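Going line by line, the protein sequences match chains R and L. Under the working numbering, think of the first position of the first sequence as 467, with each following residue one higher. Under the working numbering, think of the first position of the second sequence as 1126, with each following residue one higher.
No wet-lab data here; the hints were simulated from the structure. Quantities reported herein were computed from a predicted structural model and do not represent experimental measurements. We put the beta carbon where it would ideally sit given N, CA and C, even for glycine. One or more hints might be untrue.
Not everything, but these chain R residues come out facing chain L in the computed CB check (under 8 angstroms) [stated by the list, open to error]:
#, residue
1, 531
2, 540
3, 554
4, 574
5, 683
6, 687
7, 688
8, 704
9, 815
Part of the chain L face toward chain R, derived, beta carbon under 8 angstroms [said to hold, decoys possible]:
#, residue
10, 1252
11, 1386
12, 1658
13, 1672
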Amino acid sequence: MGYLTKGLLIVVAAALFSWRVLSGVEAAAATARVAFDDGSIVVPPNIVEGAMREGEVRIRGTMEPPEWAEYVKPFQQRVPFVRASFTRADGAARWGRVVMEHRAGKVIADVVTGLSGGIPQMVQYGMLEDLRDLPTFPVYDQKDPQGRWIATFITSWGIGYRTDRASKKELRSWEDLVNAKWGKRLAIGDKPNLTPHVMWALWGPEKTKNWLTRLFAVKPQLRKEGAGMLVKLLAAGEYDIIFPVHDREVRSAARAGAPVAWTFPEGPYFAADPSDTGIIKGSPNLNAAKLFLTYMTSKEGQLLEHKITGTVPAHRELTNDARFLPWPEEQLGRKVVTPLVLERMQALKETTEFWKKLMLGG
Amino acid sequence: MRTVDNAANATEFLGWRHAPARFPFLLLVSVGALVILPLFFLVFGSLSSSKLLGEFDLANIGMQNYLEVYSSPSTYRVIKNTFVYTIGTVALSLSGGTALAWVLARTDIPFKTFFFVGITMSTAMPGLLQAMAWVLLLSPRMGYLNAAFKAWFGWPPYDIYSMTSMIALEGLRMIPAVFLMMWPILRHIPASLEETARTCGSSESAIFRRILLPLIMPGLLGVSLYIMITVIGVFDVPGIIGLPAGIYVFSTRIYAEVSNPVTANYGAACALSMVFLAILAIGASLYFRIIKNVYRFEVVTGKGYQPKQLLLGWRSKLLVLGLMGIYLLVTIVLPTVTLLWTSLTLIPLPPSWQALSQLNLQAWANIATYPNLWRSILNTVVVSVSTSAAVIALSFAVSYVLVRTEFRLKRWLDFLAFSPHAVPGVILGVSLLWLSLYADKVLPVAFYGTVWPMVIGFTILFLPFGTRATTAGLVQLHKELEEAAHVSGGSAILVFRTIIFPLLSPTFVIVFIWTFGHVFRFTQLPLMLFTGEKSQLLAVLLWYMWDSGAFNMISAFGLTLIAFLSVLSLVLFRLQRRLAVAGEAF
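Please build the complete structure, drawing on both the sequences and the hints.
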């Protein structure tokens, strides 16, 4: 190797070293203070310092990748020393796989959103970190008192319909939905962990089983696609009614010009479903995860998520604001009945087992 | 001339001079481990009463999963549906593919190159996209074709969500595979037998029954079993067309068993897999026997013989061209045009003057900036290239032992190398998921959560094709060339570099094209094994686009992928032809 080449290598190495050192200085300067919501939420310095050492946080969630790219920008500008990577995944890959990995001694994701169906198992295995030291924890109502999960947004699951082929008058009660006239005009999304299991918790097993059996007897379309696809298919005219479907996707399709609307039958309103988020115990990036979750639960994070995805914020100061409700005419002023989280969780497994039999045809 | 012992030749070739019998045996053990280890986990999984893969414990062993699965009436409906679906698909694809192969191999039909390229090109479209395109065309409520036929002729809508449609679509999708396997068989049947029969006054139907059919029958049965085994494992068409109507077949039933994490029961999925695994193993062993018999019929093949072609009249030509045109229209043109149209709309809309005003290029503009896209492409390329290299290397090693040695257990080696074809991707995914979780406990480096479990899974899945191709290539290569080189003092590496590689490179290119393309299109295995951006493949990205209803994005991505794979295949096919010509000159 010639002297010239060696010299060149030394210069390149020195430049790289200086760059790393300067980056470290820059990052160290950032440890002084990381704050959200115009400085009102200050992240404890020990979390920031820990996050700097860790350098990354891995999130599994439900956002679409383009939505995530927009959502994470302010976080990365504010916290450049933590690389936030995101994987969009369905329930099986999002939290089902996380449970399995954890049981095998592995932690592949640090923050997981949309946990609700997985909470019983996660609690059973003690695999959720305590979030009570998050600066935003006190301003949330939808959370585990023991700090194992916190709701990052609220979704309402009800009935979506095409306004040119069905009317709200035809969907006033739950009995209206189990009418044989719908047949293939009705589609059922394979989502027992949404409205059906809350029915189970509130109505009791017998009434729910009876209603679900009659619902499947209508011989509707059985759809296994994701929530977004179910609404797109409704908008495209694949069916006239879909149950259960979430409010914001239908609103988004309606805004795009599709003749669709969302409704929740008369009577007690029990559609609100908090999207629970947690940090997996044993995460090698615990501080970075807490830093990121602070951003998610800050007002600015909540507002940005609403702006990008249409979700209803769970933050106490924002959650009851009519401006953030996708269908305020359906959702405001209703008597809300919410089962306790643990009641819901107990009902979840039974509902899902019963539902699975119906889906498979008995 | 120095006589070279076959077994020694193989070992010498790989530098195992001091362990003459060791290499074939080690190869047998390696291939066995690769194939049997996931199946071993599957068997134990079926006996485990733990719901989660990571919780397997010898104390929790029993027959609960079998009782649960086989006492459910739905299991027997699944078996019946799978039977009907498989038989229907095999019948359709076999008749269509064989007819196409016969027309292109044995008649003077014009535009042969065009049709040959068209038929093989149709394999570039992933099953997910093809099924999606057909839903968009023939869904009873939103289907573009249904809407048009209703508006123009007042026809009632055709319902694509049915067993008939599943069979029709999968049958059409399998026609190219049948065609590619039957074409060489039909092409190499010497015309002298038929001419002799004609001279003796036999009718065309008698010639078909008494000469052609017996000659192609072993090949036909082998192809039937190959397609049957493939169809039992496919997921895309049953998933998109069968599930909305509640029609479950084996692959979708397994998926249903593990897809809902609240009720996911991996033990039940494994138990359900066992009966099909048994059926598939019987099918594979039958295939193996039949394929062996094919070689017996090769004694009638004449070297360098060009088969005489049947001259068709102009009416017959028009009819055949029309039918082949309809086939290409249905399998390539219509789905491609549908995807192109859908890529331009925010919500799927039937083509109309009004819809024209709503077209936009948003999806196409967003392709290059789609988050995680480049990482997914990089992962997919790493997996495709690594898998292709592994499949080529392993297939060549297996074929070399099979063709050039007298290894006593080579039948077992051949069987083991072929048997993964009987393992559907979903089953392999479940067992590899389990295996990789355990592997991390004993390996010094991270294995789970990387792309390497997928490389292993794909290598297992594509080894049967690789070994079939390399064995066929090596059989045609006379060992005298290698012996001559050895006698002249050439080292094993020199022999491989200067003789075997140039002569077998066309085969290697074919294996590469096939493996590379399949890794890009295959959904089930990556879906079971991905854990995050480090292991996300393009197929997973496409699946989640479908799941979230991004019709325009998936259409735009899909068309780009199809174009890329088609161009790559064409370039590599040209390379393969050049290499073949160079090999002949050599």
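Right, here's what the structure says about each hint:
Residue-level restraint check for residue 531(R) holds (minimum Cβ-Cβ distance to chain L is 4 angstroms; threshold 8 angstroms). Given the 8 angstroms rule on beta carbons, the hint for residue 540(R) is violated: about 16 angstroms separates it from the nearest Cβ of chain L. With 8 angstroms as the threshold, the beta carbon of residue 554(R) comes within range of chain L, its nearest partner Cβ sitting at about 5 angstroms, so the hint holds. Hint on residue 574(R) holds. Least Cβ distance to chain L is approximately 5 angstroms, under the 8 angstroms limit.
For residue 683(R), the interface hint is violated, the least distance from its beta-carbon to any beta-carbon of chain L being 12 angstroms, above 8 angstroms. With a least beta-carbon distance of about 5 angstroms to chain L, the hint placing residue 687(R) at the interface is held under the 8 angstroms criterion. Hint status for residue 688(R) relative to chain L: holds, with the closest Cβ pair at about 5 angstroms, below 8 angstroms. Annotation: interface hint on residue 704(R) holds; nearest CB of chain L at approximately 5 angstroms, less than 8 angstroms.
Because the beta carbon of residue 815(R) sits about 6 angstroms from the nearest beta carbon in chain L, less than 8 angstroms, this interface hint is met. The restraint placing residue 1252(L) at the interface with chain R is violated, with a minimum CB-CB distance near 16 angstroms, outside the 8 angstroms limit. About 3 angstroms separates the beta-carbon of residue 1386(L) from the nearest beta-carbon of chain R, less than 8 angstroms, and the hint is met. Residue-level restraint check for residue 1658(L) holds (minimum Cβ-Cβ distance to chain R is 5 angstroms; threshold 8 angstroms).
Because the closest C-beta pair between residue 1672(L) and chain R is about 4 angstroms apart, less than 8 angstroms, the hint holds.
In the structure shown, a violation is registered for the earlier hints numbered 2, 5, 10, in ascending order.
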